Amino acid sequence: MVEIGTWVFEGLWIAGILAFAISGALVGVRHNLDLLGVLVVGLATGIGGGVIRDMILGVHPPVSFTHWPYWTTALVGSLAVFFFHPRLSKIRTFEIVFDALGLGIFSAYGAAIASQSGVGFITAVFVGTVVSIGGGLIRDVLVNDVPGVLTRELYAVSAILGATVATVITQFTGHLLIAATVGGVLAIALRLTSYARGWHLPKPRRSN
Amino acid sequence: MVEIGTWVFEGLWIAGILAFAISGALVGVRHNLDLLGVLVVGLATGIGGGVIRDMILGVHPPVSFTHWPYWTTALVGSLAVFFFHPRLSKIRTFEIVFDALGLGIFSAYGAAIASQSGVGFITAVFVGTVVSIGGGLIRDVLVNDVPGVLTRELYAVSAILGATVATVITQFTGHLLIAATVGGVLAIALRLTSYARGWHLPKPRRSN
Amino acid sequence: MVEIGTWVFEGLWIAGILAFAISGALVGVRHNLDLLGVLVVGLATGIGGGVIRDMILGVHPPVSFTHWPYWTTALVGSLAVFFFHPRLSKIRTFEIVFDALGLGIFSAYGAAIASQSGVGFITAVFVGTVVSIGGGLIRDVLVNDVPGVLTRELYAVSAILGATVATVITQFTGHLLIAATVGGVLAIALRLTSYARGWHLPKPRRSN
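Protein chains in written order, with our numbering: chain A, 1 to 208; chain B, 1001 to 1208; chain C, 2001 to 2208.
Since the hints were derived computationally from the structure, they do not count as laboratory data.
Note that this is a predicted model, so its numbers are computed, not measured.
Hints may be right or wrong, so weigh each one.
[Stated by the list, open to error] Heads up, simulated DSSO-like pairs for lysine-lysine below, C-alpha to C-alpha not over 30 Å straight-line:
(1) B/Lys1090 to B/Lys1203
(2) B/Lys1203 to C/Lys2090
(3) C/Lys2203 to A/Lys90
(4) B/Lys1090 to A/Lys203
(5) A/Lys203 to A/Lys90
(6) C/Lys2203 to C/Lys2090
Pulled out of the complex, with its shape left as it was, chain A reads as follows (with noise of 0.2 Å):
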């Protein structure tokens, strides 16, 4: 059982490296970048968020450099993109979902392992959501993007929900992979929801 669970979460984390990799390589593929460009910017986002978690924690150097099923299912994914991509017309839509997959896993994800590894409440919630966040970050300041976290519909506002969740239900139950499977349902759905039906949270007042 122990040995099944272990495998199910391992195969959870490289579900997000694989989601945020597709968005990666699709960017670069609407951005029109040869071969390697599109490898090169779905790698960084596939196992971008991986590397800054483990620079947050101390490890070094980042499991995603030592680890092959990581950078292993973050290349075949992009290669995959590159070859198979959708027609441009449906590449946003895909790039989106995509997306929300990735930030929702990692986000639940990276907060239970955190929480699981002794650190406080805040610091865990810190961790997913920054972990989930960073690796699209990579990609849209890597291609010139306005950042989708800081415009996209509660896109933040979903990885810190999933973030959140998952550190309550691990510090209470210790049931890790309940906690980031509840919190990364929730995360993406929320997201997906949002983007559906276009809620945005409240913009400042202009005065003039």
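Position chains B and C against the provided structure of chain A, taking the given hints into account.
The following block gives chains B and C in isolation, referenced to the frame of chain A:
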């Protein structure tokens, strides 16, 4: 007495975080971001410098993630800006002023702390300069502005001045508080004077 | 003999810093930044790769902040560009050439050093590639250019080639200097040839 000095010193750093968070949130308002977009830019600008310092010095996880007064300050400052920001026509001026306050405090404080921790003269000046420039850099890269450090009047010069003065005073007298205060006041004064008078360093010759 | 090898090896790294600093300062001149703006871009580009390497490997504070020959080299190179830069019409070409020199030296040297420090094959290649691409990435993000790594001819390919060759030679022979030299020369040759001939990797199919 020691007690009071410690509190004043902590208060200085928090003042720097507040100033930078306000400058970041103002930029977010100017770019018409929604509530959480403004908070993200404000938080990243306010605690960004400290996170960079901890990455450089190897403090894991960064103090800004674990010590609640820091991120609370950045959050409150950003919220206040969202609800009570000045008219758009004045935002630029407020941005410049709060950015200058953050720059001066962080450069002198960062250099004084680094110097006291035992690193050499040049490293201390480096740390102070990088910490003070870092927060504003994150802010400007986030919203796709050309970084102020590359274009604003005597920006990096002011940071280097503050860091150098603070390092010299720390190494010769050991008075951290005096070092941070004198260095910070000088840096802020130089930055604001250069802004008011339009002082610039020379530009490269144009040969064609 | 050992002594001489060490000096040559250190000289190689400094040559890489100088090349990248010059490329960064040239970009600063092209963007019409003032004296300190040019120095900041030059310094960040010159020592940025090394700082990233130290962050990855967990060296605190980064060697580039503590070992004066590194930042002095970057500073002198940037100053020289500010005062003696070529005509604007030629700056682009000089940028490309010095950037290629830095890319080749850093990819091979970074991979050789990492490989010798005991990390695995893939990690060594990763470190060399990230170090060599990192400096130029910082430069391009700073001035809001689309990063060269995403658009220039065989840029990342050249870095990966240099890092891979250097890692293979280090692991099979242990000759760091030969590894760094052969890998570096190959990477520079591939990058400059691909630039001169306009070689590109394939771009994604456009379906509409």
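Here is what the structure says about each hint:
Between B/Lys1090 and B/Lys1203 the alpha-carbon distance is near 29 Å, which keeps this suggested pair within the 30 Å criterion. A hinted pair counts as satisfied when its Cα atoms are at most 30 Å apart, and B/Lys1203 with C/Lys2090 qualifies at roughly 18 Å. Between C/Lys2203 and A/Lys90, the direct Cα distance comes to roughly 18 Å. Compliance with the 30 Å bound is thereby established for this hinted pair. In summary, the hint linking B/Lys1090 to A/Lys203 is supported, as the alpha carbons are separated by about 18 Å, within the 30 Å threshold.
Restraint check: the Cα-Cα separation between A/Lys203 and A/Lys90 comes to about 29 Å, which is no more than 30 Å; the hinted pair holds. For the proposed pair C/Lys2203 and C/Lys2090, the alpha carbon gap of about 29 Å is at most 30 Å, so the pair holds.
In this structure, none of the earlier numbered hints is contradicted; all agree with it.
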